[in-house]
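Q: Below, each chain spelled out in residue letters.
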Amino acid sequence: MRKVLIVLAFIFAVFGIVFAILPMGTIGVLPAGLSLLFALIAFIKSPVGHKNVPKWLLIISALILVVIIGRSFVPDEVVEDTEFEQKKIESKQEDLKELEELEGLE
Amino acid sequence: MRTIFFIIALTFATIGFSQNRAVKSGEKFVYAASYNMSGLMTQIAQVTMETETVKTAKNTLLHLSCEAATYSKWDSFFKIRDVYEAYVNPNTLRPSLYKRDILEGKYTKKEKYIFKNEGRTIESTMTKKNMAPTKKTFNVGDSTADAVSTIYQLRNVDFSKFKVGQTKTFTVIFDEKEMTASAKYMGRETISAGNLGKKECYKISIAAKTQALKGNDKNIIWLTADAAKVPAKISFSIPVGTGQLTLTNASGL
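Top to bottom, those sequences are chains A and B. Heads up, the first sequence is in the numbering used here, so the first residue is 1 and it goes up one at a time. Heads up, the second sequence is in the numbering used here, so the first residue is 1 and it goes up one at a time.
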């Protein structure tokens, strides 16, 4: 039972890390939370002297949770894209030429 | 993203070219686009809708633009920079020129429609990545409009006179195809509209004979029940999931 809990905590911790790296918002709370839960149960069920692995899993999953929750407070922003802005200006100049050509045909 | 845009286009479209009373130059609406991932809405992009007056040698036109840009955290994984724009008559919103320039990950596509013969003939130019531009000329109906100008035309529909369940059909041209869609009035609802606060809105359901839309009454637009009819929220259901656009900031009204 203890080993199963440790394996589950480890698997969910890996998913938590992946979701924390990817821009998936708060979805990562799910695996990180499950990892924390399994690690906690494994820690409680472990006999004295065998609590080292679940303890570290507990610390790691707690850290992942902190990172995910902390990142959710960072506002979403669109980065200033000078190339994109320049392209829009050039496109608008082309459009005006096109429209004036169109008016010439009318 | 193009599917989302198409839904927005259908959402806003209406029939004919009525007198423009709602759309003004200098408007700017900013939306947060979210996608449902495992039951949680994740914000992926910012959608901006702007209007601007443009003068040519002979005419004054209204430049309508809709832009979608992924938030910086997504740019390394899947960068989106889409621009959909139209130049329209400021009084009738009848289009003269429509352009679409999309960059979605490694996929790029450009499309341009020049409306001739009072909008009944379209000269289309389409350019895809690593391919030569293809040109086509085709005829469309009198009331057919491009995606962007139809987006803005819906705001001129007087929904205050609509009964619940009443439907309007319309024709929109997208990807060089004309298609009929319908907008069903579903009543009024009060929702949050960004910096405008809580607003009473017209709730409108969109349907179209296209693979892009899924489910009944699952593609919905909320327009503020006032003269400006600002689109406050759009929820959509597409074959690959569901999502929504929520208004975060509206200015220039």
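In short, the hints are calculated from the structure, not lab data. Mixed in with the good hints there might be a few duds.
As the list claims (entries may be wrong) - Partial list, computed: chain A residues near chain B (C-beta under 8 Å): (1) I6; (2) F10; (3) G25; (4) I27; (5) D76; (6) E90; (7) S91; (8) L99; (9) E100; (10) L102.
Just so it is clear, CB atoms sit at the ideal spot from N, CA and C, and this is done for glycine as well.
Q: Next step is simple, just say for each hint if it's right about the structure.
A: Going through the hints against the structure:
Because the beta carbon of I6 of chain A sits about 25 Å from the nearest beta carbon in chain B, more than 8 Å, this interface hint is broken. For F10 of chain A, the interface hint is violated, since its Cβ never comes within 8 Å of a Cβ in chain B; the closest pair sits about 21 Å apart. Interface hint status for G25 of chain A: upheld, as the beta-carbon distance to the closest one in chain B is roughly 4 Å, under 8 Å. Against a cut-off of 8 Å between C-beta atoms, the interface hint on I27 of chain A holds, since the closest Cβ of chain B lies about 5 Å away.
Taking 8 Å as the C-beta contact cut-off toward chain B, the hint placing D76 of chain A at the interface holds, the least distance being around 4 Å. The beta carbon of E90 of chain A comes no nearer than 11 Å to any beta carbon in chain B, farther than 8 Å, and the hint placing it at the interface is violated. Annotation: interface hint on S91 of chain A holds; nearest CB of chain B at approximately 7 Å, less than 8 Å. Residue-level restraint check for L99 of chain A holds (minimum Cβ-Cβ distance to chain B is 5 Å; threshold 8 Å).
Contact between E100 of chain A and chain B, as hinted, is supported at the beta carbon level, the nearest pair being about 5 Å apart and thus within 8 Å. Taking 8 Å as the C-beta contact cut-off toward chain B, the hint placing L102 of chain A at the interface holds, the least distance being around 6 Å.
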